[in-house]
Structure formats: structure tokens, C-alpha cells
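Colleague: From first to last, the protein sequence lines stand for chains C and U. Per my numbering, the first sequence runs over residues 46 to 158. Per my numbering, the second sequence runs over residues 25 to 138.
Source of the hints: derived by calculation from the structure; they are not laboratory data. Among the clues, some could well be false.
[Said to hold, decoys possible] Beyond 12 Å from chain U on every Cβ pair, some chain C residues (computed):
hint, residue
1, R54
2, Q59
3, T65
4, T71
5, Y80
6, Q82
7, A87
8, K89
9, L90
10, D107
11, G129
12, D130
13, G150
14, P151
15, G152
16, R154
[To be verified] Label-pair distances were calculated between CB atoms; the ranges are:
hint, chain 1, residue 1, chain 2, residue 2, range
17, U, L137, C, G61, 25 to 35 Å
18, U, L137, C, P63, 22 to 32 Å
19, C, T105, U, N54, 40 to 50 Å
Note that beta-carbon positions come from the ideal geometry of N, C-alpha and C, so glycine has one too.
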Amino acid sequence: DAMVIQNPRYQVTQFGKPVTLSCSQTLNHNVMYWYQQKSSQAPKLLFHYYDKDFNNEADTPDNFQSRRPNTSFCFLDIRSPGLGDAAMYLCATSRELAGETQYFGPGTRLLVL
Amino acid sequence: DAKTTQPPSMDCAEGRAANLPCNHSTISGNEYVYWYRQIHSQGPQYIIHGLKNNETNEMASLIITEDRKSSTLILPHATLRDTAVYYCIVRVGVSSGSARQLTFGSGTQLTVLP
Numbered sequence: 046d047a048m049v050i051q052n053p054r055y056q057v058t059q060f061g062k063p064v065t066l067s068c069s070q071t072l073n074h075n076v077m078y079w080y081q082q083k084s085s086q087a088p089k090l091l092f093h094y095y096d097k098d099f100n101n102e103a104d105t106p107d108n109f110q111s112r113r114p115n116t117s118f119c120f121l122d123i124r125s126p127g128l129g130d131a132a133m134y135l136c137a138t139s140r141e142l143a144g145e146t147q148y149f150g151p152g153t154r155l156l157v158l
Numbered sequence: 025d026a027k028t029t030q031p032p033s034m035d036c037a038e039g040r041a042a043n044l045p046c047n048h049s050t051i052s053g054n055e056y057v058y059w060y061r062q063i064h065s066q067g068p069q070y071i072i073h074g075l076k077n078n079e080t081n082e083m084a085s086l087i088i089t090e091d092r093k094s095s096t097l098i099l100p101h102a103t104l105r106d107t108a109v110y111y112c113i114v115r116v117g118v119s120s121g122s123a124r125q126l127t128f129g130s131g132t133q134l135t136v137l138p
């Protein structure tokens with residue numbers, strides 16, 4: 046089945062130690078998104094890629110970066126994780142931008158020690 | 025995108041219809057109503073969307089009022105696995121030509137009771 050895959054489901058890192066979360070998709074969608082969801086809150090968009098075009102949300106901290114080496118894969122890099130970055134990180138895809146349904150992966154829960 | 029208002033929580037008996045309301049009184053003519061749900065510790069899942077006509081798919085039905093200021097998501101025969109947070113989101117459609125993120129509100133926690 047076509048899907049959005051996120052590995053690992055749980056990631057533990059140390060305060061200040063860089064960490065990379067990965068997302069892959071078999072839907073061949075043009076757009077890939079990264080959302081952050083903290084406990085008991087709604088998901089919040091960090092950035093998205095339309096093909097190779099990167100679009101950062103205005104309030105996304107510089108500590109968060111992303112890479113999309115090809116259509117199928119997208120990575121979220123957290124350069125120096127703080128305790129406040131502990132959250133569920135959700136990857137989503139859509140065929141196009143405006144108005145398109147987004148398909149989400151299962152998420153990676155990040156714990157910062 | 026228009027702001028939505030949903031009740032924070034609802035209960036529903038298993039096997040009965042679950043009717044989840046959403047108010048979006050400031051909706052614009054080119055904005056669609058989308059519903060997603062998020063089961064605990066999983067990613068959000070698309071359910072259904074519509075512009076002004078009622079819509080039905082294998083998961084649910086969407087009833088939009090004639091003035092489009094509110095809508096209701098109906099799960100016809102709720103099961104325990106339907107327990108989740110349900111998000112009503114209003115956003116522009118494909119003709120807008122500009123990127124739009126999904127702006128999630130606080131949603132409704134639906135609990136299906138045995």
C-alpha cells in the first residue's frame with residue numbers, strides 16, 4: 046500500500062546532541078511537510094518542500110532544518126535539541142499545495158534527556 | 025483560513041451515530057471544510073471534505089448548512105476504534121494558487137463507550 050513511513054517511532058537524544066528524523070513516502074507526492082506536536086496540543090507546521098523548493102514557516106526556530114534529497118525522502122534535523130523540543134514530529138505529504146488532502150505518517154516521538 | 029469552533033469533548037455509545045459539530049461562521053466562498061482525526065499516538069488521518077454539498081464516503085458523512093457557517097461530521101455506527109480527537113479545518117481549495125498549511129484547532133475528543 047502507498048504510504049508515509051517514519052522511522053524510528055521513538056527517538057531518544059541528549060540535550061544539545063544533533064538528531065535526524067526521517068520520512069519516506071511511496072505516494073510520489075510533490076509536497077512533504079514536517080509538523081511538530083507537543084503534548085495535548087494540535088500539530089503545528091514547521092516547514093514544507095514543494096519538490097526541491099523549501100518553505101520555512103516564519104516562527105520555526107533556526108535550530109530546525111530539513112533536507113529532501115529526492116522525491117521519496119525528507120529529513121528533519123534538529124541541530125541542538127533542547128528540553129522544549131521534546132514532541133511528536135509528524136511528516137505529511139500532498140500531491141500539490143493548496144487545497145490538497147494531506148496524508149500523515151505515524152510520527153516519531155522525540156525524547157530529550 | 026477561517027477559524028473553527030468545536031466542543032472539546034463528546035461521548036457516544038458504541039454502535040450509535042456520532043454527530044460532531046463545527047462552527048465556521050467566517051468561512052469564505054472559496055474555503056473548504058476538512059475533517060481529520062487523530063487516534064492517540066498516531067498521525068492525523070484524513071476523513072472527508074466538502075465545499076457546500078453534503079458528502080459521504082466509506083468513513084463518514086459531512087453535512088454543511090446552507091449558509092456554510094457550520095457543519096456536522098457523522099460517523100454512522102461508531103466503534104471503539106473511532107475514539108480519537110476530531111479536527112475540523114477550513115482552508116482554501118486548489119484554485120487559490122497559494123500554499124496553505126493545515127491549521128489545526130483544538131478539536132473534539134470523541135470517546136466511544138462500550
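Colleague: For each hint, tell me whether it holds in the structure or not.
Modeller: Hints and how they fare:
1. The claim that R54(C) is not at the interface with chain U is violated, since a C-beta of that chain comes within 12 Å of its own (minimum 9 Å).
2. With a least CB separation of 23 Å from chain U, Q59(C) remains clear of the 12 Å interface cut-off, as annotated.
3. The beta carbon of T65(C) is kept farther than 12 Å from every beta carbon of chain U, the shortest such distance being approximately 19 Å.
4. Under the 12 Å C-beta cut-off, the non-interface status given to T71(C) relative to chain U holds; the minimum distance is some 15 Å.
5. Listed as outside the interface, Y80(C) is inconsistent with that label: its C-beta sits roughly 8 Å from the nearest C-beta of chain U, within the 12 Å cut-off.
6. Listed as a non-interface residue, Q82(C) fails to keep its Cβ farther than 12 Å from every Cβ of chain U; the least gap is roughly 9 Å.
7. A87(C), annotated as away from the interface, has a beta carbon of chain U within 12 Å; the closest lies near 3 Å.
8. Distance to chain U contradicts K89(C) as a non-interface residue, since its nearest Cβ pair spans about 8 Å, not more than 12 Å.
9. With a minimum CB-CB distance of about 4 Å to chain U, L90(C) fails to clear the 12 Å threshold, and the non-interface call is violated.
10. For D107(C), the non-interface assignment is confirmed: its Cβ lies about 19 Å from the closest Cβ of chain U, beyond the 12 Å cut-off.
11. The claim that G129(C) is not at the interface with chain U holds, since no C-beta of that chain comes within 12 Å of its own (minimum 20 Å).
12. At roughly 18 Å from the closest C-beta of chain U, the C-beta of D130(C) stays outside 12 Å, upholding its exclusion from the interface.
13. With a least CB separation of 5 Å from chain U, G150(C) falls inside the 12 Å interface cut-off, contrary to its annotation.
14. With 12 Å as the threshold on Cβ separation, the claim that P151(C) sits away from chain U is violated: the shortest Cβ distance comes to roughly 5 Å.
15. Consistency note on G152(C): stated as away from chain U, yet its beta-carbon is not over 12 Å from all of that chain's, at 5 Å minimum.
16. Interface exclusion of R154(C) from chain U breaks down, the closest Cβ pair being 8 Å apart, not more than 12 Å.
17. Against the hinted window of 25 to 35 Å, the Cβ-Cβ separation of L137(U) and G61(C) comes to about 45 Å, which falls outside the hint.
18. For the pair L137(U) and P63(C), the supplied restraint of 22 to 32 Å is violated, since their beta-carbon distance comes to about 45 Å.
19. Between T105(C) and N54(U) the beta carbons are some 27 Å apart, a value that contradicts the proposed interval 40 to 50 Å.
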